[in-house]
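Each protein sequence line maps, in turn, to chains Y and Z.
49 is the number that UniProt numbering gives to position 49 of the first sequence; each next residue is one higher, with no gaps.
98 is the number that UniProt numbering gives to position 98 of the second sequence; each next residue is one higher, with no gaps.
Simulated from the structure, these hints should not be mistaken for lab results.
Some hints could be false.
Unchecked claim - Short derived list, chain Z residues pointing at chain Y, Cβ under 8 Å:
#: 1; residue: A353
#: 2; residue: D366
#: 3; residue: T369
#: 4; residue: N376
As the structure is a prediction and not an experimental result, all values here were calculated from the model.
Even glycine gets a Cβ: it sits at the ideal position worked out from N, Cα and C.
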Amino acid sequence: MAKYLLLKHYRGAPDAVNNVPMDRWTPQEISDHIRYMNDFAARLEETGEYVDSQALAPGGEWVRYDGEGRPPVTDGPFAETKDVIAGWMVIDVDGHDRAVELAGELSAAPGAGGRPIHEWLELRPFLTEAPTVTE
Amino acid sequence: MDEALLRGLTPVVLAILVRRGADFAAAEDAVQDALVEAVRTWPAEPPRDPKGWLVTVAWRRFLDATRADAARRRREDAVDAEPDAGPASAADDTLRLYFLCAHPSLTPSSAVALTLRAVGGLTTRQIARAYLVPEATMAQRISRAKRTVSGVRLDRPGDVATVLRVLYLVFNEGYSGDVDLAAEAIRLTRQLAARIDHPEAAGLLALMLLHHARRAARTAPDGALVPLAEQDRGRWDTRMIAEGVRVLQAALARDRLGEYQAQAAIASLHADAPTAEETDWVQIVEWYDELVRLTGSPVVRLNRAVAVGEADGPRPGLAALAEVDASLPRHAAVAAYLRERDGDLAAAARLYAEAAHEATNLAERDHLTRQAARLNARRPG
Numbered sequence: 001m002a003k004y005l006l007l008k009h010y011r012g013a014p015d016a017v018n019n020v021p022m023d024r025w026t027p028q029e030i031s032d033h034i035r036y037m038n039d040f041a042a043r044l045e046e047t048g049e050y051v052d053s054q055a056l057a058p059g060g061e062w063v064r065y066d067g068e069g070r071p072p073v074t075d076g077p078f079a080e081t082k083d084v085i086a087g088w089m090v091i092d093v094d095g096h097d098r099a100v101e102l103a104g105e106l107s108a109a110p111g112a113g114g115r116p117i118h119e120w121l122e123l124r125p126f127l128t129e130a131p132t133v134t135e
Numbered sequence: 001m002d003e004a005l006l007r008g009l010t011p012v013v014l015a016i017l018v019r020r021g022a023d024f025a026a027a028e029d030a031v032q033d034a035l036v037e038a039v040r041t042w043p044a045e046p047p048r049d050p051k052g053w054l055v056t057v058a059w060r061r062f063l064d065a066t067r068a069d070a071a072r073r074r075r076e077d078a079v080d081a082e083p084d085a086g087p088a089s090a091a092d093d094t095l096r097l098y099f100l101c102a103h104p105s106l107t108p109s110s111a112v113a114l115t116l117r118a119v120g121g122l123t124t125r126q127i128a129r130a131y132l133v134p135e136a137t138m139a140q141r142i143s144r145a146k147r148t149v150s151g152v153r154l155d156r157p158g159d160v161a162t163v164l165r166v167l168y169l170v171f172n173e174g175y176s177g178d179v180d181l182a183a184e185a186i187r188l189t190r191q192l193a194a195r196i197d198h199p200e201a202a203g204l205l206a207l208m209l210l211h212h213a214r215r216a217a218r219t220a221p222d223g224a225l226v227p228l229a230e231q232d233r234g235r236w237d238t239r240m241i242a243e244g245v246r247v248l249q250a251a252l253a254r255d256r257l258g259e260y261q262a263q264a265a266i267a268s269l270h271a272d273a274p275t276a277e278e279t280d281w282v283q284i285v286e287w288y289d290e291l292v293r294l295t296g297s298p299v300v301r302l303n304r305a306v307a308v309g310e311a312d313g314p315r316p317g318l319a320a321l322a323e324v325d326a327s328l329p330r331h332a333a334v335a336a337y338l339r340e341r342d343g344d345l346a347a348a349a350r351l352y353a354e355a356a357h358e359a360t361n362l363a364e365r366d367h368l369t370r371q372a373a374r375l376n377a378r379r380p381g
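Just need the whole structure built from these sequences, with the hints factored in.
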């Protein structure tokens, strides 16, 4: 099994095909979208492929050490990048193909007009410990 | 084995050991040992006096552990040399635990964890689950807290306000997993209010009961927030409301008003209204005026602006809102609501979207996004 991180972006990803801001959807479309995502997570829990997920607030900032006795430097919110992570999900799957399949499925969540958003999701494999026995 | 009995006795026994001079952390270890012993032997030989049995066994364990340690022996001698606690010990021992757990040297989150552990008798695992952190993390937090209060002598009563604040925090954490923290907070506050003669303890209990009574109606089956005006009032727990009102009235009759009583009074006016339209907003505004006087809190001023909007109309509400710091959480949400009632749908939709952006929890964010979407769907373009 291999762990993958699925990253959903508020902004920074390439534009989705069905790219309409959420507050321009109808309340029913919002409900359908949320239900799709919840169902997706619930189904992965049943297959044993779900590890964890968390939504993140859009705000945030950069923090950097600024030397002995000085408070850390803060910058932002995200002055130096247009990328904002909206949330993440960790899955534990058989391999890369399955991870891509699941990311594709999540990207098909319904949006405005009830049509799939086709949003870009970032898929990142976890680095693992070196194996104790070499083949 | 009666688990509820053991859980109820745990803080009592712990408090007695602490009063006798046992170090808090050592006392807790001794009580845990005694509980293990109880689980092992009680089914075969149930004691006639469970509390006395636990105190005896725990105290013996404490002394054994203390004797095993040379450094601790000196402390034991010091304890022995002290005069008897005397008749003052009739004061409830559990109350000392409340004050110890809410000691000013603890951070609020440590105080909350320690209170749940020592006064509530919850296991570390249960507390960890309720706060969605790993058990090891919570164990660390609790043992740090125990170290912080070890050596604190409770020769004076602590500050009731601090204890109430800790219980209020427990209640606000809501509920998840196998421990319902809101229900736990009510249980502990109920005990506290029975032990001390303090109108604010009663006020806090009333406030919790009145809020908790509406819990079933507050979320839809899919987890979405249901605003007060749209809640199915048939799902409110009327017995709990009646108890809250009774506790509040007795407290108010003492004529020593405090912020919890005032908040409870507002909650009782909501609970009392047969429909949202029949809510007595004029009286609610008066209670908010009291709360502003008592606390000066900007959050209270923000809530007051909502009440003014209901009592006198959206324009006076917006005027009241203009007096409140715009950087407060939920300021945009309140502004959106008042703008919509004033008929400015474009501004309201924009403000709802802004409020959703700033929301700190998912249910609230989704709710506010839906509000923005509802208005945008109604307007052309």
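Going down the list of hints, with the structure as the test:
no.	hint	in the structure
1	A353	holds (4 Å)
2	D366	holds (6 Å)
3	T369	holds (5 Å)
4	N376	holds (5 Å)
The structure fails none of the hints (numbered hints given earlier).
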